[in-house]
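**Q** Given next are the chains, with one letter for each unit.
Protein chains: 2
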Amino acid sequence: MLMQRLAEGIDRTGNPSVIGLDTKTGYLPQGVTEVAEFNRGIMDALCGAVAAVKIQIAMYEERGLRGMADFFDAAEYAKEKGFIVIADVKRGDIGDTAASYSKAYLSKDCIDFVTLNPYLGYDSLQPFFEDCGRYDKGAFVLVKTSNKGCADIQNLMTEGRPLYEAVAQKVTAWGKGYMDGEYSRIGGVAGATYPGELRRIRSIMKECFLLIPGYGAQGGTAGDIAAALDGNERGILINSSRKVLLAYRKSGRDYRDAARDEVLRMREEISDAFANSRKDRQDLI
Amino acid sequence: MLMQRLAEGIDRTGNPSVIGLDTKTGYLPQGVTEVAEFNRGIMDALCGAVAAVKIQIAMYEERGLRGMADFFDAAEYAKEKGFIVIADVKRGDIGDTAASYSKAYLSKDCIDFVTLNPYLGYDSLQPFFEDCGRYDKGAFVLVKTSNKGCADIQNLMTEGRPLYEAVAQKVTAWGKGYMDGEYSRIGGVAGATYPGELRRIRSIMKECFLLIPGYGAQGGTAGDIAAALDGNERGILINSSRKVLLAYRKSGRDYRDAARDEVLRMREEISDAFANSRKDRQDLI
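Chains as they are written, first to last, in this note's numbering: chain A, 1302 to 1586; chain B, 1302 to 1586.
Heads up, none of these hints are tricks.
Which copy is meant is left open, so a pair is good if it fits within one copy or across any two.
Calculated pairs, DSS-like style, for lysine-lysine (alpha carbon to alpha carbon, straight line, at most 30 Å):
#1 K1409 with K1325
#2 K1325 with K1404
#3 K1449 with K1409
#4 K1471 with K1409
#5 K1404 with K1380
#6 K1544 with K1404
#7 K1404 with K1449
#8 K1404 with K1551
Quick caveat, the hints were computed from the structure, so don't treat them as lab data.
All chains, full assembly: derive it from the sequences and hints.
**A** Spelled out as structure tokens, the structure:
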């Protein structure tokens, strides 16, 4: 079901990337006047080159009702084109309220995954988790984010280890009730900008997919990310947004061609880095 | 400015309550077909009896674009009627994304406060905080929520104290840069369901307003909440939602009259509890 579709999509495209449609109006190239048109163009160009897209809802909420219509347009078009769709909403609230948030996204055919914030604890995530089982959906819970300030809270030492490790353990335990084949429907978010931590998180979250932001524009490298591969050299989704959406500014080509070229370049970079990492591990044996 | 307006509104109404417009379609009484009509009726009835309303966005997001239109209708009508408006959005994301969320809510005339999630650290909150200074707005950061599961993360022991105390200290420190008269624009959310913790949080967050959910339907009492009053017997906002919105089901009266009666009853209950707490403290001296 979902987790198998995700793994197969990554195998088919040879690409563990997910493209972040964090489209601001300022990103549109000359001649494109609508966010929805730009998003559709990007998705047309990336079809077959990448299995999943992630839509950051903040950029759409910023533009009110019009923006929200564009958010759902992107999700629906993505689904039509066969992409797996992650709604990057980072919601978190108590029981009843969480159920409303879950209904807002996970009950929709066009959305496969949501991202969630763990600060309010299990009962705030449970309505989403239950909907994951009910509707064949999944969730990525924030464990270690890619920003500098993440250390303020996530690195506080708690019972001899940083908080993010405790969160990783809890999310793993909570996710055991929501297995879908060899992976749990409940994965984690762990930034590429902290490779040591990423390795620790993988060692804890063995049966979880990791959604990895921070590659490219934020400074994380493909080599850094290789640390997050699971025993089957799988189990990760690497997000890239601006470098793909804005590739046209560097190359001067049509935004769709530029985005596709950038995604294919990333795929090669990632594939090389993973091959090197495999070689390093084999040399050690 | 904002914090003074809030304090004055509470003094004028004699009521530190904030009414949560967490309106689900299932809450509408016979004869009322639209959420916007219901919300406007509630606000008409509560004018002068309470200074602030809190709009829980999840219940509106659940209904898609139509729901979001109702969310902004409620905020705009509230502003027109002179209420202080809290957008309960509990957002939290990294830099650029946080800036988009902040623009979505704090740049709007009809919204005075947002609620925020601290898990991603200071740089994820900073864009909101800066907009608070820029637009004369405020924010309440989650410290200790009212749900049972909050202990999963918020009570983890970190450097000899539970995480929520560390968060309370950080939010207090971060808020010092955003003072508006005697209060910081940056307050905390602390549930009425944990009175001991509420007292600890007040002792840490001396110059902060506390937004207190969990009163009424969730089991927190007015006596429990008295522990959160600051040195001037102020500095709190007590949220009540369902008990007010659904008061008509108990009384059989028009939903507006029933809501107003319930708010006036709450005001008396809170006022009595605070008087008793004052007396207890004086007896101790």
